[in-house]
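Protein chains: 2
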Amino acid sequence: MTVVNLSLSEIHDLALEAFTQNGCDPQNAGALTRTVVAAERDGSHSHGLFRVPGYVASLRSGKVNGAADPQISNKSPVIVNANGDDGYAPLAIERGIPALAKAASEFGIAVMTLTHTHHFAALWPEVEALAEQNLAGMACVSYMPNVAPHGSNKPLFGTNPLAFAWPRKNKPPFVFDMATSAMAGGDVAIAARDGHSVPLGTGLDENGNETTDPAAILKGVLLPFGGHKGSAIATMVELLAAGATGERFSFEAQDADNGDGGPPRGGEFFLAFSPSLLAGEGWEDHCEKFFDKYEAIPGSRLPGARRHNNRSDTTNRAIDAKLIATIQELCSRPDS
Amino acid sequence: MTVVNLSLSEIHDLALEAFTQNGCDPQNAGALTRTVVAAERDGSHSHGLFRVPGYVASLRSGKVNGAADPQISNKSPVIVNANGDDGYAPLAIERGIPALAKAASEFGIAVMTLTHTHHFAALWPEVEALAEQNLAGMACVSYMPNVAPHGSNKPLFGTNPLAFAWPRKNKPPFVFDMATSAMAGGDVAIAARDGHSVPLGTGLDENGNETTDPAAILKGVLLPFGGHKGSAIATMVELLAAGATGERFSFEAQDADNGDGGPPRGGEFFLAFSPSLLAGEGWEDHCEKFFDKYEAIPGSRLPGARRHNNRSDTTNRAIDAKLIATIQELCSRPDS
Chain A
1 MTVVNLSLSE
11 IHDLALEAFT
21 QNGCDPQNAG
31 ALTRTVVAAE
41 RDGSHSHGLF
51 RVPGYVASLR
61 SGKVNGAADP
71 QISNKSPVIV
81 NANGDDGYAP
91 LAIERGIPAL
101 AKAASEFGIA
111 VMTLTHTHHF
121 AALWPEVEAL
131 AEQNLAGMAC
141 VSYMPNVAPH
151 GSNKPLFGTN
161 PLAFAWPRKN
171 KPPFVFDMAT
181 SAMAGGDVAI
191 AARDGHSVPL
201 GTGLDENGNE
211 TTDPAAILKG
221 VLLPFGGHKG
231 SAIATMVELL
241 AAGATGERFS
251 FEAQDADNGD
261 GGPPRGGEFF
271 LAFSPSLLAG
281 EGWEDHCEKF
291 FDKYEAIPGS
301 RLPGARRHNN
311 RSDTTNRAID
321 AKLIATIQEL
331 CSRPDS
Chain B
1 MTVVNLSLSE
11 IHDLALEAFT
21 QNGCDPQNAG
31 ALTRTVVAAE
41 RDGSHSHGLF
51 RVPGYVASLR
61 SGKVNGAADP
71 QISNKSPVIV
81 NANGDDGYAP
91 LAIERGIPAL
101 AKAASEFGIA
111 VMTLTHTHHF
121 AALWPEVEAL
131 AEQNLAGMAC
141 VSYMPNVAPH
151 GSNKPLFGTN
161 PLAFAWPRKN
171 KPPFVFDMAT
181 SAMAGGDVAI
191 AARDGHSVPL
201 GTGLDENGNE
211 TTDPAAILKG
221 VLLPFGGHKG
231 SAIATMVELL
241 AAGATGERFS
251 FEAQDADNGD
261 GGPPRGGEFF
271 LAFSPSLLAG
281 EGWEDHCEKF
291 FDKYEAIPGS
301 RLPGARRHNN
311 RSDTTNRAID
321 AKLIATIQEL
331 CSRPDS
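Here the protein sequences come in this chain order: A and B. Going by our numbering, the first sequence opens with residue 1, and the numbers climb by one from there. Going by our numbering, the second sequence opens with residue 1, and the numbers climb by one from there.
It cannot be assumed that every hint is accurate.
Copies of the same chain look alike in the list, so a pair counts if it fits in one copy or across any two.
Here are the simulated lysine to any residue pairs, SDA-like style, with alpha carbons at most 25 Å apart [as the list claims (entries may be wrong)]:
#, residue 1, residue 2
1, Lys102, Ser76
2, Lys219, Ala192
3, Lys75, Asp285
4, Lys293, Leu218
5, Lys154, Asn134
If you are wondering where the hints come from, they were derived from the structure by calculation, not from laboratory data.
Bound-form chain A, shown alone (with noise of 0.2 Å):
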């Protein structure tokens, strides 16, 4: 693969070019692009400008509403609904993270259902806004199904990834992001777009034998992480992201979508609490002392450590010289 060295306010400026010429208004295009740049910052390439070509594609069907102006608006003191109407979500999240995060700085716990949006992104760096304020956070979303529940070889729940964060003292917060198949859907397509294989167990071909093979994957089924134990809780984030959010599950996001690349509708799910009202005075030592016991043990690596080392870096980012092709070429709209 040939590479380009881009800094970050290089990328910044390619992916905010690509966005805006293909109708997406400021607040949007803005919101869009600190989520690509915040994961080329953190080496999550999967979710950086690799997911560019599929925004535009939905932007260009008109499937998504570039200039969406999404409602924030409260169904209880510590309910909160964030409508981004049929955006994408960086925005609408940006704009609700407040109002959820004043909810559970005040009662100690609340909940925020996304609805009406669509969602491409990576959920570390909303579970991380959380825990900037000193809150934990728990946020999940589901949409295409291509995992098959344990003992099945079709596919019923999305990649249904699972974010949570945890604030600490001084220190940037505990945070993971998995997705719940055995390996997430952009390193699959990552894997098969250079050839790579990928250890068996990570999903069946389309005549639902295991394999290592990733373009045989696509065209199959991926499996759930951890067996039966995974499965049931991919389970429990197509309740929470559709079930309580009201909005589409999996299987109902792909029969209504129009296939043009980009993501279907779809909802997330938000749960934030602050640790102090929970646990009282005392808790973020407290909780130092378990990660100070973690990280003592040889051979155990905090989830998120990679990611934070990344940030650091301030040099450039070595990205795909045919992706950034591709990307100046749909910079030019099509009818201009």
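Given the coordinates of chain A, work out where chain B should sit on it, guided by the hints.
Frame of chain A, contents of chain B only:
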């Protein structure tokens, strides 16, 4: 193994006698017995009579208060604390669930922190109690460290079960209750007792090597399910059950324990929320579409279905004769 067939009523009487003869007052003995009978009724033998000797050991050593008088209070309209008065968890939970359910039904979401208790039972009856009130429920506990973080061979996590329930229309709720270790500690102990081997990946022996011998794993360390992802979820459980409650992390519980074989003191985190308030009208029919789709897939099985099938079986349960003899022996107080 020689077995004796006991009715649920006989199981009830045997457990109640053991608790009553070893320092439990009627309220605590009744609550404990209900967890034992529910476990045997639903085929969850590792949480049934099998636990009685451990319960009795901690009553006899004086570690656990058999006459505990749990107190329920609110820290905010949506934070309930159940202080177990250093007794076993079931009575505190029975007293706290109504306050948690009331808050979740009124505000949409609520949390309960359980503190100053000793937990030795399954979690599914606790979240099922919420689902019976048309609430979704989540619960987790964290006790003795016997599970190594992914990549290491030193115990840090408890088996850290996570349970979740979702209410269904005219059907038993969707419920899972999973150890975040590859296998529950109780199941490894039963495999060791019965001389069965366990799958590779269950745990490591005392030298840190993989083994299928459950007795060697009991001397070594268990592994999380699902590699680094299960390890992340086990970490989340520590943070919820101890960090968010102010109670002991697994390693602290061990440090403070007297080693009598019963459960150490720890906390529990409960979450309850109302799908009706969050998602609005029609949520039940919406979710039944998902469950219908799930159950129609060949090879798939909803978690919890086995327990609900066992529950409808009204015949006697086959119980290890040696276990019955042990419990009968425990019904005679050592000082009587």
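List of violated hint numbers, smallest to largest: Structure breaks hint 5 only.
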